[in-house]
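Start from chain P and add chain Y according to the hints.
This is what each chain is made of:
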Amino acid sequence: MDMFQVYLPIAGIQFNILLLLLIGFTVGVCGGFFGIGGAWIVTPALNIFGFPMPYAIGTDLAHMGGKSIVSTIRHGKFGNVDVRLAVAMIIGTTTGMELGARLVMHLEQLGLAESVIRKIYVVFLFLIGSYVLYDYLSHIFRQRKAAESGAAVYTGETFAQKLQRVRIPPMIHFKSSKITCSLWLPVGVGFVTGVVASVLGVGGGFIRMPALIYLIGCPTLVAVGTDLFEVMITGAYGAFTYGIKGRVDLLAAMWMLVGAAVGAQMGTVAVKYVRGYSIRLLFAVTIFIACSSVVMKQLKYQTASSVLILSAGIVISGVIIGWLVQGIIKERASRQARSWAAFKKED
Amino acid sequence: MKQRLQRLLRKSPTIWQKLRVPGWATALVLIAGQALAAGGKPATKLINVADTRAMDPGLSRWIAEAYNDNLWLYALLVVVTMALMGSILGFGFDHLVGLLGIDLGKLEHHE
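For the record, the sequence lines run as chains P and Y. So in the working numbering, spot 222 of the first sequence is number 222, and the numbers just go up one at a time. The working numbering runs 347 ahead of the 1-based position in the second sequence.
Honestly, the hints are just simulated from the structure, not real lab data. Cβ coordinates follow ideal geometry from the N, Cα and C atoms, glycine included. Any given hint could be a false lead.
[What the hints assert, rightly or not] Across the chosen pairs, the derived CB separations fall in these ranges:
id: 1; chain 1: Y; residue 1: Asn417; chain 2: P; residue 2: Ile91; range: 29 to 37 Å
id: 2; chain 1: Y; residue 1: Asn417; chain 2: P; residue 2: His106; range: 33 to 41 Å
id: 3; chain 1: P; residue 1: Gly12; chain 2: Y; residue 2: Pro404; range: 14 to 22 Å
id: 4; chain 1: P; residue 1: Gly12; chain 2: Y; residue 2: His442; range: 35 to 43 Å
[Claimed, not checked] Pairs of lysine to aspartate or glutamate, EDC-like flavour, derived with a Cα cap of 16 Å:
id: 5; chain 1: P; residue 1: Lys119; chain 2: P; residue 2: Glu108
id: 6; chain 1: P; residue 1: Lys175; chain 2: Y; residue 2: Glu455
id: 7; chain 1: P; residue 1: Lys178; chain 2: Y; residue 2: Glu455
id: 8; chain 1: P; residue 1: Lys245; chain 2: Y; residue 2: Asp416
id: 9; chain 1: P; residue 1: Lys77; chain 2: Y; residue 2: Glu455
id: 10; chain 1: Y; residue 1: Lys453; chain 2: Y; residue 2: Asp441
id: 11; chain 1: P; residue 1: Lys77; chain 2: Y; residue 2: Asp450
id: 12; chain 1: P; residue 1: Lys77; chain 2: Y; residue 2: Asp441
Chain P with its partners taken away, still in its complex shape:
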């Protein structure tokens, strides 16, 4: 195992290359599948294995930008990236993040920053996970009811569709998402998610992805791809700011990116074989695990919290790869059956 040890000169520690590849791979699979950055897996994972925390955050942001390029290329070819929508969201997000940072400074001056932010983080994660799970269970219930009565599934008008009907010019058609709405809707949603992400001190992928689905009305796959485009931009910006502060270990980021590139391809291709609501269900489970990890950290069980989040990341990656392999086997089997049927017909 010593041959896999490498000296990271900027973090000033010895680290195992295989561990960097594994962490990168795990977060690559999850990131490519859910459309998130995955900092909540990488940062504690690096930290428990000896990385100083500021370097863990900076190195993660650096590799996140590169990993998101890999996923965005694939999602783009699948038609899952709505660039126009992503740009509108980025305008709102960057403004919101700036306001969020000032809000945190104000809370800090009042001496409330730590206590308020911690509680908001847990509550937010719980609410997001609960709503996504509720949405999935409602969908299953409607499907069963429709199957029993033989009627079509009735969804009613969603909240996103009501927001789309608000006519504040300019009205824009977003091609990949197949929605027409006011430009102020994605800018506003981006602004709110930016404020929340900045206050919580996170990248925001796990907030933006459900916001794209439930507030803007994107199909799940487009929400995943579009969010990754944004993560790519914020990752590059984060890499630059932490790089100037000297808190990015480029060598570690490069090794993690190699693992993440493989994982991101697998996670991205896996969405081809999974229906949108299944992605939402696994997303809800992931958010609940993240919430539990944050609660454990606040109860001072730091190591247990990091072990939980890294183990959960590995298990969830395993589930996603399982779906991928199953899907590839079915696709090849059906293609073989079709070519065999065509061959017999010619005879």
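Chain Y only, in chain P's frame:
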């Protein structure tokens, strides 16, 4: 005024003798106070430096030297490296996945 000054100058040796003890005591208190103020929490590192002393020539050493030379250039190097690596690996692995025979065309967005 002139007379006051003359009186003061005549008395000055005795004044300085009387001030000697309280003067040194004040100086000691001030110096000790500064010394105590300098203690407390250890000072944080002002500049981080990558240790290249025991490193062999190669990519790691080059990166560490870039880090030590100029952090702005280093930050630019980070962004460019990640972007280039991401693009090359992205297109490369994309091509490899295509060789598996999977249909990688546009997806239908079914929920």
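Here is how each hint holds up against the structure:
1. Y:Asn417 x P:Ile91: 29 to 37 Å: 32 Å, holds
2. Y:Asn417 x P:His106: 33 to 41 Å: 35 Å, holds
3. P:Gly12 x Y:Pro404: 14 to 22 Å: 19 Å, holds
4. P:Gly12 x Y:His442: 35 to 43 Å: 38 Å, holds
5. P:Lys119 x P:Glu108: OK: Lys119 of chain P and Glu108 of chain P at ~15 Å, within 16 Å.
6. P:Lys175 x Y:Glu455: OK: Lys175 of chain P and Glu455 of chain Y at ~14 Å, within 16 Å.
7. P:Lys178 x Y:Glu455: 12 Å, holds
8. P:Lys245 x Y:Asp416: 13 Å, holds
9. P:Lys77 x Y:Glu455: 12 Å, holds
10. Y:Lys453 x Y:Asp441: It holds: about 14 Å lies between the C-alpha atoms, which stays within 16 Å.
11. P:Lys77 x Y:Asp450: 11 Å, holds
12. P:Lys77 x Y:Asp441: This hinted pair holds, its Cα atoms lying about 10 Å apart.
This entry satisfies every hint, going by the numbered hints stated previously.
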